[in-house]
Amino acid sequence: MALSSYDAFLSEKRQVDDLVKKGYIMTASKGTLDGDVVEFENKMTSDKKTIRLTHPDSRKYFTTLYIKQQEQMTE
Amino acid sequence: MADISINFAGIKSPNPYWLASAPPTNTGYQVQRAFAAGWGGAVWKTLCEPVLNVTSRFGGYHFNGQRVAGFNNIELVSDRPIEENLKEIYETKKRFPDRVIIASLMVEPERDKWHEIVKRVQDVGVDGFELNLGCPHGMSERGMGSAVGQHPDLVEKSTLYAKEVAEVPVITKLTPNITDITATAKAAQRGGADAVSMINTINSLIGVDIDTWSPIPNVNGKGAHGGYCGPAVKPIALNMIGECARQPDFHIPISGIGGISTWQDTVEFMLMGAGGVQICTAAMHHGFSIIDDLTEGLSNYLDDKGIASVSQLVGKSVEKYTDWSNLDLNHRIVARINNDICINCNKCHIACEDTSHQCIDMLVDENGNDYLKVREDDCVGCNLCSIVCPVEGAIDMVDLEPAEPPMSWNDRQAALQVMNSNS
Amino acid sequence: MADISINFAGIKSPNPYWLASAPPTNTGYQVQRAFAAGWGGAVWKTLCEPVLNVTSRFGGYHFNGQRVAGFNNIELVSDRPIEENLKEIYETKKRFPDRVIIASLMVEPERDKWHEIVKRVQDVGVDGFELNLGCPHGMSERGMGSAVGQHPDLVEKSTLYAKEVAEVPVITKLTPNITDITATAKAAQRGGADAVSMINTINSLIGVDIDTWSPIPNVNGKGAHGGYCGPAVKPIALNMIGECARQPDFHIPISGIGGISTWQDTVEFMLMGAGGVQICTAAMHHGFSIIDDLTEGLSNYLDDKGIASVSQLVGKSVEKYTDWSNLDLNHRIVARINNDICINCNKCHIACEDTSHQCIDMLVDENGNDYLKVREDDCVGCNLCSIVCPVEGAIDMVDLEPAEPPMSWNDRQAALQVMNSNS
Amino acid sequence: AEDMKKNFDESKPSFNAQEALDEANRCLYCYDAPCITACPTEINIPGFIKKIASGNLKGSAKTIMEANPIGASCARVCPTEELCEGACVLNHSTKPIMIGDLQRFATDWSIKNEQVLFKAGEKNGKQIAIVGSGPAGLSAARELGRLGYTVTIFEAKDEAGGLDTHGIVPFRLPKDISLWEVEQVKSLGVDIRTNTEVGKDIVAEDLVDNYDAVILAAGMGKVPMLGIEGEDLAGIYDAIDLVEEVKNGNYPTEFAGKRVAVIGAGNTAIDGATTAVRLGADSVKILYRRTEVEMSAYKFEYDFAKQDGVEFRWLVAPKRLIGDGSGHVKQMECVRMELKEAESDGRKRPIEIKGSEFLMDVDIVIKAIGQTRHHQLIEAFDLDHQGGVVKVDPVTFKTTEPKVYAAGDVVFAKGIGEAMAVSAAQQGKETAYAVHQQLKGSKEKV
Amino acid sequence: AEDMKKNFDESKPSFNAQEALDEANRCLYCYDAPCITACPTEINIPGFIKKIASGNLKGSAKTIMEANPIGASCARVCPTEELCEGACVLNHSTKPIMIGDLQRFATDWSIKNEQVLFKAGEKNGKQIAIVGSGPAGLSAARELGRLGYTVTIFEAKDEAGGLDTHGIVPFRLPKDISLWEVEQVKSLGVDIRTNTEVGKDIVAEDLVDNYDAVILAAGMGKVPMLGIEGEDLAGIYDAIDLVEEVKNGNYPTEFAGKRVAVIGAGNTAIDGATTAVRLGADSVKILYRRTEVEMSAYKFEYDFAKQDGVEFRWLVAPKRLIGDGSGHVKQMECVRMELKEAESDGRKRPIEIKGSEFLMDVDIVIKAIGQTRHHQLIEAFDLDHQGGVVKVDPVTFKTTEPKVYAAGDVVFAKGIGEAMAVSAAQQGKETAYAVHQQLKGSKEKV
Ligand SMILES: Cc1cc2nc3c(=O)[nH]c(=O)nc-3n(C[C@H](O)[C@H](O)[C@H](O)COP(=O)(O)OP(=O)(O)OC[C@H]3O[C@@H](n4cnc5c(N)ncnc54)[C@H](O)[C@@H]3O)c2cc1C
Ligand SMILES: Cc1cc2nc3c(=O)[nH]c(=O)nc-3n(C[C@H](O)[C@H](O)[C@H](O)COP(=O)(O)OP(=O)(O)OC[C@H]3O[C@@H](n4cnc5c(N)ncnc54)[C@H](O)[C@@H]3O)c2cc1C
Ligand SMILES: Cc1cc2nc3c(=O)[nH]c(=O)nc-3n(C[C@H](O)[C@H](O)[C@H](O)COP(=O)(O)O)c2cc1C
Ligand SMILES: Cc1cc2nc3c(=O)[nH]c(=O)nc-3n(C[C@H](O)[C@H](O)[C@H](O)COP(=O)(O)O)c2cc1C
Ligand code: SF4
Ligand code: SF4
Ligand code: SF4
Ligand code: SF4
Ligand code: SF4
Ligand code: SF4
Ligand code: SF4
Ligand code: SF4
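Chains as they are written, first to last, in my numbering: chain X, 1 to 75; chain P, 1001 to 1423; chain R, 2001 to 2423; chain U, 3001 to 3446; chain E, 4001 to 4446.
Bound conformation, chain X alone (with noise of 0.2 Å):
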């Protein structure tokens, strides 16, 4: 039996949800042959950061992540 991808997503995600958590925000992104890089910055620290993601579901979660926090801004 292959792999469960889910477990990989959810690893992803919780990058993702971490970075957030702790203040980052996305920056920008691009796309690879390998997935997509992400840039993450801490607008308090001006820390930066970069991640790779490459489920599907995870790449799908950070634009919508990104799209929410934008209505969240203009709101």
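These are computed hints drawn from the structure, not numbers from a lab. Check the hints yourself; a few may be wrong.
[Claimed, not checked] Straight-line C-alpha distance at most 27 Å; calculated DSSO-like pairs for lysine-lysine:
hint, chain 1, residue 1, chain 2, residue 2
1, U, 3258, E, 4354
2, E, 4340, U, 3258
3, U, 3306, E, 4095
4, U, 3095, R, 2373
5, E, 4258, U, 3306
6, U, 3222, U, 3126
7, E, 4222, E, 4200
8, U, 3319, E, 4258
9, U, 3348, U, 3330
10, E, 4112, E, 4005
11, U, 3285, E, 4258
[Said to hold, decoys possible] A few chain E residues that face chain P, going by a derived Cβ cut-off under 10 Å, partial list only:
hint, residue
12, 4021
13, 4028
14, 4029
15, 4030
16, 4091
Note that beta-carbon positions come from the ideal geometry of N, C-alpha and C, so glycine has one too.
Please build the complex by placing chains P, R, U and E with the ligands on the supplied structure of chain X, with the hints as guidance.
Below, chains P, R, U and E with the ligands alone, put in the same frame as chain X:
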């Protein structure tokens, strides 16, 4: 009882069923038999400078013992002189004044040729014209049929020429053997067509005889590509109709053709934008009597749904037909197996295991009975298991409560653009 | 026992059966299962910048109770990062060195993009490349897939870019959603392709749910056109292959794809010019184990015919495939009913009466038994009766002794021209 | 008793949706289909089957019921091997379409979905009386109702439907099926006066005087007497009465563990014998004075009985019934027969073999040697008849009395196989058309 | 006699091409199909059916015969309802695939087209002796032949095939089918020495001494004695002998018009009874001391016998056979039985009801109460056994003697239903693999 009559581009028909221009409408004898059986209309076998046909013309495509899933032909347009045809059209119309007769026409894309034939035919009193710009074989070598239909400019011109003299509605019949059918549909509209009809037949070769190594059908051992029609082409036709119907700048009615063999097909075509339908292969397979269930089934369906008139179906699903990039990426469905109904053939398991996402487990319960279960977290909702499942109702594809708000590819691209332009 | 191995454009495969690039070749796990079952090769699910897919992806087209006569999908190419795929390709090739792995690739038609991906992939050791220029939905919006494949110049360019760096054979996969596939086939040849493969899927909409009025499949109620494949598309694919194979200026091998589900289909495709075949839907329907009958049936067929190697089939019927205007107008066949075998269903009668040439009479013999008889003088040899006849052998289509020497439309035109120029 | 009731549940399972679809898809949809011709009511069989395949079940049921007002019952009781299915062209290539089962599937759908399939025609003011609400009477009434006639049926029993309701064993034809058909006819405004025996509760003359036409559709009567000694002993049953009992849910307890002999070898004998098996009899023998070849039960009935363990004794006739001390049958004297040259009806004549008498131990005897005729009723209408078989014009079903028609078993002559519900229904329809032909004409004259 | 021969023609018609195709197209081609698991030889059923559908008939037959060296016989004699067809998933939605009929279609094709399906393996120099050429012996030989062994079968009868050739009624399994299977095995170079009874024509020890392994596949023996008075009267038949007679084309004439009683209610009893019917008996009764529930005949056999008109008498046992003046049986004294608490094998014990004796007139009695065991032969090989059932390791089929294996009916223990050809075949195969496992190892050691 629901009203199943239609008014298609101004042409009134007691029901939405017309025989397509093809062998069933070759003669007055046949069309009159069809009308007696209950068909609403007939598009006469294409009139043209009469052609010559080969013998051995058709090929059938059978699927797992069920005959005529598809059908192909290397027949051309009418091989009978126009005069005879006109006489019979006249007689038929006289005998069945409430039924629709459309004359299908084909000539080279030249103004006087179109003028001549249109004028001559409308004198006998037809309810409309259909311009055959789609015949995929034999005629194209002569600069007609699809040799015209594959060029938007020629489609536009031909339509225009016909319209210049036609006093009854003109329907331009489109060929599916084209990269983008909306281009020719719009060309027809530009040419002034009152409607379009689609699809004509698709280039095909039904098979090769594995003993003689000759194409099927063959003439003295040799074959040529023919036109494919019948149930197998329905999904192709349905898409072309939907694509045209959903063009914001396309407004004329569509006569739906291609693989229709049941009242259910009819409902689907009309929902996807057809104002009426035409049928050829189903009638050739079983004869004209199929009209009985076609009309009654449609009528019972409308009654069941409480819909007063069949016209109310037209185009109702068009707004649901869109570009892939507008579909919601966050929508989630998963497969769920009803173990009560499941007969444990394990087809879903092996389909998912070999060819999808390996998430249907074959398990044994505490009583030692086999059962199957979908690991929903890993299920991508592809539908494969439910398609291969032989038992109605054994697998449901279930909408999950959306975890996230809808986001289409277009939404996502827009958001990413914002994100990247901010940086 | 016959040799069923092939050498396709320099790629050696133990049998002519490759899995087409599609869900069955999505992962190493799957391809290894397929190889263990006996498949000769696999074209890996198209590698690309990984995409996102929607859930609810496939639709099945069932015909009279027989499932999956046709199949459609709104899935895109691989949604898995290339790195993972390459790792699995490497492992799979290591485990099954005698089997073929072809990497299917898709990028925008730009030189560096092609160079980057080709180089990166060939490092893991693949036997060849297939350029996916045909995916009919989702990718075209992004300037890939059929947005490339429908333009001969882009097909040529993409092929060229890939060839510039490829050290293994390059197969250009063509889309059938095009007016004339020979144009793109030749473009691929010009670009240096070692072979072409055809067909990819055909634009389609499998159906509309007549209760919810949503397209099938749908994502949150909305649908988009998908790609049609499975048995129903076989006649379309077979024609496209035949048309390309018979082009005098087209010389590279063709990998046949589209609706193949039996060894008999395989024989037909190879006779019509395919050097090997690819299969997707049949495997998705029944799993990888179908390879057993595919190979054994082919081998028994060759033994039966006394043919030593499957390669000897390739293209044997191509010379019999021609233009309609070369067919012999003087050839005559007629239907003949074997009353011993006939079960008197009268389907041939009604088909001929309603929709052909009214020449099958229903008669009663001296003992009061019903029988049917063709009036051969009136029979045009259309084949319809034999196609609708439910009983094998009840109707023979019989060649008549030709009354006149062969004359094709072209012969006739030439003769007429002489006649008229003489006057 | 609950258990006993189960024994009498319909024995053949109905098609499920998948089976129906599979079978419907097998049909070739023949043109001028021989199955249609073989059906006495000429149901458009390919038509109704195609509608099952297309999912138009209402249309399917309507196609059936239009041609055959008792189509739901017929789906269960027709000897289909001899009729529609026997004529199916697929007999010559694979196996015939299970037309009866498909017919049952479509009509069951319409029963379950409470569909009313037909509407009464606009009233034309004419009054018709029908005697008997069996297949013939109901069918005539249905057609006349649709044509605008005001129809009154007089029915002696307390429930309508004739033998479909009372006479055919419930494990082949449950009562509610027949009663649904009665309801369909009633929904056209037909007035069915049950518990009204013509000749007793109302005189024949009144009908002839007060109605524009009278249709006699009274069927046949009980099982006749055997005419042998001891026939009045306890333990002797009339097969038709016995079936009527069990159809009404009354299950005689005295069969359990007993040896039962059934006299006769037609439909009724089979029904009687298989009922006895279901009532718990230990052994059931059918005694027939001719052989397997001459018996009028159908092959499917014969097979069914054999599967039930019913035993057959050929060339045996009862001569005498012998009672025990308390007046209950305990033995039957039988005699062996041999077949001699053919009778007028073409069947060989059974002759006693002198001296071959023997005794058979029996606890119960079921008589099933045919049905009597309604001589009295027929004579009350003053109709010519031949041994109780009313004489009619074969096309118009007119009797020798001007306003009186007759259809169904009341005109069924012996020696031509078994009477069938489907034929009675067809005759009922044809009689209705004949009446209409006559009265429509008369109206024009007015 | 020609007419009589016709009576013994195969009773079930074979599928024609259309039927086979239709049925093959109905198969779902299940994954991990339960039908496969239910077949003792684990034929790849969806595999062979798919090959019928695709027109690869040779491949289909090969798939069958590969798993089951007597696949053509099994297609006819397997109790499919209990095995493959009983497990078909379509039992839960429509009706099971007729696997046996399809198997017959494919194997018949290969018989007709004179296909040789398998090739002998390269000779490995080892010699194997097999005693008995029935399903078990043939199957073992076929597999060993393919593995490269030199195989000699010793067969007491003059034709090989065991009960498939001699013991199963010709109207279910014609002899030539079994003989074709024998030919298939011979074509691998297997030497079958017919008319050679081990223990008589050749001694057991010789085999053990001269071969690398010996497989005992001698089946069971005749029907045992009833052990009651009068058993030596004329008119008493051993069912197995009777069947062997008719399989050889000899049709005893004395059955015509007679009353026949068959003792027992297993396979053999049914075969004996239906043979008697075909020989023209007037009435055939099967007498069994238990009831319908306990009888070991399969449902399809029971149904088949009932359709043939065979009558069943439950809870009856024979006590004495009574002759007429000339030494021919004319009556049988029977006694009624009742069932008491279960025996060790789980079946209820039948007990005589004192004083319930009664006489039954009979002209012929067929004994069919099981089969005796080859005690002598088994002891000649010095094997442990339990009442004639050779003790073997359930996996390796090794007996208690080092080089001797046993398979088939010779190891079949009572009380577990009926012995089946298909199980014997499977055991034969497994024994071959076990022998190979053993000898291949020994070679490595050398
Ligand atoms: C036991 C049995 C089994 C049968 N099985 C089958 C079968 O399997 N298949 C099949 O096709 N046919 C079968 N038949 C035959 C079939 O039932 C008859 O042919 C059919 O019912 C005849 O219809 P009918 O309308 O003529 O008469 P009936 O059904 O007999 O109806 C006559 C009606 O008239 C009423 N009536 C009689 N006298 C009067 C009166 N004086 N006043 C008012 N009402 C009166 C009766 O109460 C009855 O309701 C069977 C018959 C019997 C007896
Ligand atoms: C009447 C009857 C009907 C049956 N019907 C069915 C059925 O419908 N379906 C089913 O699956 N099974 C049926 N069976 C059972 C089936 O036939 C057996 O299970 C099967 O044949 C056993 O195979 P075998 O190879 O073990 O033995 P057998 O088939 O009995 O073969 C043993 C062989 O060994 C030979 N032999 C015996 N002793 C010696 C010796 N000393 N030297 C040399 N050769 C010897 C015999 O002559 C015989 O040829 C039936 C059996 C009987 C008796
Ligand atoms: C034998 C044959 C001949 C046909 N000839 C014509 C024709 O003369 N003119 C035309 O417009 N279409 C022609 N058609 C196409 C049909 O009108 C129709 O478009 C096509 O068959 C698809 O419908 P179907 O799937 O219901 O058959 C022909 C089709 C067939 C099968
Ligand atoms: C679900 C699905 C996904 C597919 N994805 C791809 C793909 O990624 N790349 C590609 O070249 N073809 C793709 N195809 C097309 C197949 O490779 C093949 O060309 C087509 O299915 C026709 O073959 P068939 O009739 O045997 O299925 C896909 C087909 C299906 C059904
Ligand atoms: S929907 Fe697709 S992924 Fe989900 S269980 Fe079914 S086959 Fe597997
Ligand atoms: S495919 Fe359907 S019936 Fe078969 S195991 Fe899966 S859920 Fe059950
Ligand atoms: S071949 Fe065509 S024209 Fe000739 S009999 Fe058949 S259907 Fe009629
Ligand atoms: S279609 Fe075939 S079987 Fe039917 S009547 Fe014609 S020849 Fe006979
Ligand atoms: S009514 Fe009877 S004979 Fe007629 S189709 Fe129905 S079952 Fe057949
Ligand atoms: S004869 Fe058979 S196949 Fe033909 S229409 Fe009637 S039921 Fe269908
Ligand atoms: S050998 Fe017997 S059990 Fe096995 S598949 Fe064949 S018929 Fe069924
Ligand atoms: S279980 Fe039935 S349907 Fe499934 S493979 Fe076996 S025979 Fe075919």
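- prompt: Looking back at the hints listed earlier, which ones does the structure fail to meet?
  reply: Violated hints: 6 and 9; rest satisfied.
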